[in-house]
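Here is how the chains run, residue by residue.
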Amino acid sequence: MFIIVGGWLAITKTTISSDMQQFLPAKSKSAPISNIDPLKVLNIINQANSGLFLFAIEGGTDKQRATASIQLRKKLLKDENFVFVNNGKGTLANKDRNILNQYRYLLTENADYSENSLVKALQVRYQELTSPLGALFKSTINSDPTAEVRAILKQWQLGKEPTKLHSVWFSNNKDTALLVAGIKINGADINAQQRAVDIIKDNFAAINKNGLKFAISGTGVFAVQARTKIKSESQRISVIASIAVMLLMFLAFRSVWLVFLAAIPLLCAIISGVIVTQFIFGSIQGITLAFGLTLIGVALDYPVHIFSHIVKSENIKTSINNIWPTMRLGVITTSLGFLALTQTNFNGLAQLGVFAVAGLLTAAAVSRYVLADLILLRPVRTAEVVPAWVRRVSQFSIPFNVINVSLFTSVAGVLIFMFPVSWESDLAKLSPIATEQLSLDTRLRRQLNADDLVNVVIVRASSSNAVLKKTEQLAASLDKLVDDKTIAGYRAPYRLLPSIETQKLRQQNLPNRDILQQRVNKAIQKSQFKPGSFSAYIKDVEISKKLAPLDKEKIQGTILDRQLASMLFQQQDDWFAVIRFLGVRDSAGIEQQLNVLADSDIAYINIKKVSQSAVNDFRDEALKLIAIGLVVIFITLLVSLRNSQRLLRVCFIVSMALVFDIVWLNILGQALSLFHLISLLLVLGLGLDYSLFYTRSTDTKAVRERTAYGMVVCFGSTALVFGMLAASSIPVLNAIGLTVFIGVSFNYILATVFSAKSIT
Amino acid sequence: MKNKLKIILCIMLTLVFSTISHAENLELKLVLKDLAKINHINAEFEEIKSINILENKIKLSGLLEYRAPDSITKKTLQPTSELFVVKGNDLHIKNAAGEETDLLLTNYPVVEMFVEAYRGLLAGNLKKLRNYYEVQFTGNIKHWTITLTPIEEEALELISIITAEGIGENIHKVIINEANGDSSIMQIKNTQDGG
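Just so you know, the protein sequences line up as chains B and L, in that order.
Residues in the first sequence are numbered from 0 upward in steps of one, following numbering that gives the first Met the number 0.
Residues in the second sequence are numbered from 0 upward in steps of one, following numbering that gives the first Met the number 0.
If you are wondering where the hints come from, they were derived from the structure by calculation, not from laboratory data.
Just so it is clear, the structure is predicted and the values come from calculations on it, not from any experiment.
Fair warning: there could be bad hints in the mix.
To be verified - Covered by chain L, per the in silico footprint, the following chain B stretches (three or more residues, Cβ under 8 Å):
{"hint": "1", "region": "160–168"}
{"hint": "2", "region": "528–534"}
{"hint": "3", "region": "699–707"}
Quick reminder that beta carbons are idealized off the backbone N, C-alpha and C, glycines included.
Throw the hints in and build the complete structure from the sequences for me.
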């Protein structure tokens, strides 16, 4: 009953948030020097990037590609999930054009209304008018002789627009039609990303009548692909592994009923882990669940220990009572080790600790108190006959003496010296995304002149206008970077929407009607234009002087609003402005230029470095916690075993297995990541279990044989499951599988080799 | 009886007109075929532009060069020197101040439309002309007039009609009438023909 209700609760109430990034802490561990927490920024940037999709249409004729691009844009714009879809066609809607026109004298950055500049402007307009391109400029010349609209469009645009063909964006070689789309997204919501990818694909399939090829890219696509890939691979493996383990169990115990019962403690462990974590933290991160399942894999061993000790001559409860102290010690020490994980502000690690402890305790309790009754529900064939080879193995051991211990220790020492640990701090390396997909992304980003993904500058203030105003102070520094050729360009929010103060200042600088009229008249006299040609201009300037400045509310639903969505963010009481770059030649140059300002509300952030240091912080924290866990385990063993010989054996077996596991991974050239680290925790738990069972000095020969039989099954099933994971091409699964496979092998070998002699 | 006569008259008229338009089409094709034969033209031009908001008409003069299939150079010498080179999708401009700009024609559909009118005529490419314009022919192979009326409504808001006049295989006059009343009349005098 508990399982059913719990299972239902776990499934319906579990809010699984599934992003790797979320496994990282929400706040930087080290106190930041500035008021801006780089990790908070990382979250903001990820949020901004996570809703962006880039598409490529290839194949067919260029006309077909262009038509497909136009049709796809139309279809997607009708879908409420999409905030914008750009393909170069009609990016300015009427609403946008109106705002641009109406507020041009408040938006333009370098307008000059002196007579001199008017004279010059009219000369240039005359040149344009008489040039072969004259037709382009004719319609706006009366109202906008200084061409401010064009200046603003330039201001809004970062870098060069992609090539156009049939009025839509194409790659330079015209092979590929290009589009960019953005969806409404809250955080890195992988389900929203998945939905968007599906909608895009479905819509393209619906319009694709000419067999054109289609590709999507963007961080959202990566997240979706990674999830799908890991999900399908781990599902495939878990199905095969489950069948293999069931077969193994059946071979070992010759009972369908026992095979079925073996799964119960594990299932209860998962359910209770989910419920307890959910109860304490409010939600459970998908990745916690994934890691958690790895950690409580040891729960499968508990019923196996019990099954292997069922004998005809003994009441099953007596058998369980016999092995229970050993099991209990294993469970308690392992749980205490994992409990250390909860002592951190790293949410993911803390959740993982709670999940594992709750799961293990449940599994042990179910095995101890429920399993016996369940076993007795059906007649069970007892495993009296332990195979001969297991009996032989069970009696094999080498003395636990100074010579052997130092031999093993020195081999480990030499190997670790020869193959030192290397750490992986780049999360991207663990990504299962194919290189073709990554190179597609790079190509599309370059062709679409998308922003640099590594360097950003963040400005913090208390309101949207305040943050705009503060960002405006950076203008000189940013322009200098462009002049120095440190960067090719930048995208700053105030270039789209200036602060209210700046707009008011620009209004003040607008000349009065009469003054402007005089200047225009004089300029006309020095030009080829007819008198009275620019009365529309004079009127517009006069209106502009009295306009209420443009603010975030007035631009709602316009292109400005959509563009600003990726530059201005609110988080609680803080507003953040993000400045992005194009064509960065020298990251250090940007940092230097901004450090001069020495403002704690302005920070240059190298996203790659921040995320790497977050990963490193995470690793250091995990290492620290594991060390604490080891100490706690040691003390528990010390207190409960009260047998220095056994204590030493257990510690030696467990630590040697861990060391050899790490050494072997190093030999294989694996750079250790947090996935390896967390897998080592399972190796630790299994090691404790194995070594505690094999160092019982009170075992009779028969009991030891049964223990050995159980151990073979435990080891066999663990090695099977994680061996399959190790064979996976997905880096994360491979890392977990390899670590546990190697570790459990050493656990088994060392525990067997250094087992305590049984009583004969 | 009367009705029958009407029908016959209608049929006859239709036949006559279709023959005329067919003949028109034929002659147009012949003229364009002749134009297509010429791969290289060097010419002098004189252009008079009438623009509403300007006090006076502007008189420009300079050199034109065409190389089949898609390269045109317009070099204005008077009143100021200016260079306009189009080749394929690339547009290169050097203005009076000496500033150079490179643009992609396809990014500027308005300019593209003008350029394709010239290129379509010079290359004798009716298919290309019909992408943008409705093409009409009057006159005969010796003395002809081809008029181009934009198809798309957006284009019509800008250009009313482009008229090209020619003698044999030479275009000697191009008149552009814009929707706002502005116009340009360009006289072309070949200095050297190439085969």
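Handout entry: Violated constraints from the hint list, given by number and in increasing order
Key = Hint 3 is the one this structure does not satisfy, whereas the remaining hints hold.
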